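Chains as they are written, first to last, in the working numbering: chain A, 1 to 148; chain B, 1 to 148.
Rather than coming from a laboratory, the hints here were simulated on the basis of the structure.
The structure displayed is predicted, hence computed values, not measured ones.
Wrong hints could be hidden among the right ones.
Claimed, not checked - Pairwise CB distance ranges (calculated): (1) B/Ala75 with A/Ala116: 17 to 25 Å; (2) B/Lys84 with A/Gly133: 21 to 29 Å; (3) A/Gly119 with B/Ala75: 54 to 62 Å.
What the hints assert, rightly or not - When the alpha-carbon atoms are kept at most 25 Å apart in a straight line, the in silico SDA-like pairs for lysine to any residue are as follows: (4) B/Lys84 with A/Ala105; (5) A/Lys144 with B/Gln42; (6) A/Lys84 with B/Lys84; (7) A/Lys84 with A/Phe104; (8) B/Lys144 with A/Ser126; (9) B/Lys144 with A/Phe104; (10) A/Lys84 with A/Pro148; (11) B/Lys144 with A/Glu86; (12) A/Lys84 with B/Asn50.
Here a beta-carbon is modelled for each residue, glycine too, at the ideal position from N, C-alpha and C.
There are 2 protein chains.
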Amino acid sequence: MSAQPADPTCPVARTVDIVGDKWSLLIIRDAFDGIRRFNQFQRDLGIARNILAARLRDLVHAGILRVENATGGSAYQEYVLTDKGEDLFDLIVSLRQWGQAHAFAPGEPHSVLIDATTGEPVPRLSYTTPDGGRIQARQARVRKVGEP
Amino acid sequence: MSAQPADPTCPVARTVDIVGDKWSLLIIRDAFDGIRRFNQFQRDLGIARNILAARLRDLVHAGILRVENATGGSAYQEYVLTDKGEDLFDLIVSLRQWGQAHAFAPGEPHSVLIDATTGEPVPRLSYTTPDGGRIQARQARVRKVGEP
Chain A
1 MSAQPADPTC PVARTVDIVG DKWSLLIIRD AFDGIRRFNQ FQRDLGIARN ILAARLRDLV
61 HAGILRVENA TGGSAYQEYV LTDKGEDLFD LIVSLRQWGQ AHAFAPGEPH SVLIDATTGE
121 PVPRLSYTTP DGGRIQARQA RVRKVGEP
Chain B
1 MSAQPADPTC PVARTVDIVG DKWSLLIIRD AFDGIRRFNQ FQRDLGIARN ILAARLRDLV
61 HAGILRVENA TGGSAYQEYV LTDKGEDLFD LIVSLRQWGQ AHAFAPGEPH SVLIDATTGE
121 PVPRLSYTTP DGGRIQARQA RVRKVGEP
């Protein structure tokens, strides 16, 4: 698992090297859900404490989480998403939307993303360009570094 | 790494259980880039053959890739994204966009997503709802199963 992906110019590979791990992704999900303390993460994920400590340290090192002293004067430290971490929202949404569409049996209960301002479920989101266009896999290709 | 995430009703956790692994994500990226054969994946990723074989088998089992006989009568088998696999395009795009924004130094070369119909780079994509609205992390929350 420690090998460097072959192409160092690929943004997908760079991101995967930083967050492409089950526990890192679930910690980031939990952070978006408002979880902040080590023991809360530990209880929610059922993860071994040493693994959790290592993943939190890596996410802080990567600039995705930052450590804050808890509000209210308690001795606890809290882990909070940085702006760079908040920018992973689309990634968590895309994981969520694919799971909703493909990983549950019909009628099987699952959690739902809610618009906090209206209380209504967020409808299926899709990627659009700044001019409102949509992009599909079949119409996209990757231009490698050095290609014309 | 084999523990089940605590909440089986979370779509993020379901998806992460299926594709939340560095090699699986890079194999899916390669499949979108048109790579189809075992030896092509192996060469592109620099991955051990036994690990590649296991990941490909898991992705076929999950219904994300399917096995086809190669066109042109060759004896090779090819791995092709199913419709369910194609629906991971947003996930790969979100990994790519975050990497472009946060994982390269200014001016550092990286590959670019191209609109195949125009040859132009795809602009930064953002998630919009069907009525054209945007959703931000701060305005979203998750309603768990059983909550009113």
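Hint by hint, here is what the structure shows:
1. B/Ala75 with A/Ala116: 17 to 25 Å: 56 Å, violated
2. B/Lys84 with A/Gly133: 21 to 29 Å: 24 Å Cβ-Cβ, so the 21 to 29 Å window holds.
3. A/Gly119 with B/Ala75: 54 to 62 Å: 58 Å, holds
4. B/Lys84 with A/Ala105: Measuring from Cα to Cα gives roughly 14 Å; hence the hint holds.
5. A/Lys144 with B/Gln42: 18 Å, holds
6. A/Lys84 with B/Lys84: Between lysine 84 of chain A and lysine 84 of chain B the Cα gap is close to 30 Å, so the pair fails against 25 Å, i.e. violated.
7. A/Lys84 with A/Phe104: 31 Å, violated
8. B/Lys144 with A/Ser126: 23 Å, holds
9. B/Lys144 with A/Phe104: 15 Å, holds
10. A/Lys84 with A/Pro148: 31 Å, violated
11. B/Lys144 with A/Glu86: 21 Å, holds
12. A/Lys84 with B/Asn50: With Cα atoms ~35 Å apart, lysine 84 of chain A and asparagine 50 of chain B exceed 25 Å; violated.
Checked against the numbered hints above, the structure breaks hints 1, 6, 7, 10 and 12 and satisfies the rest.
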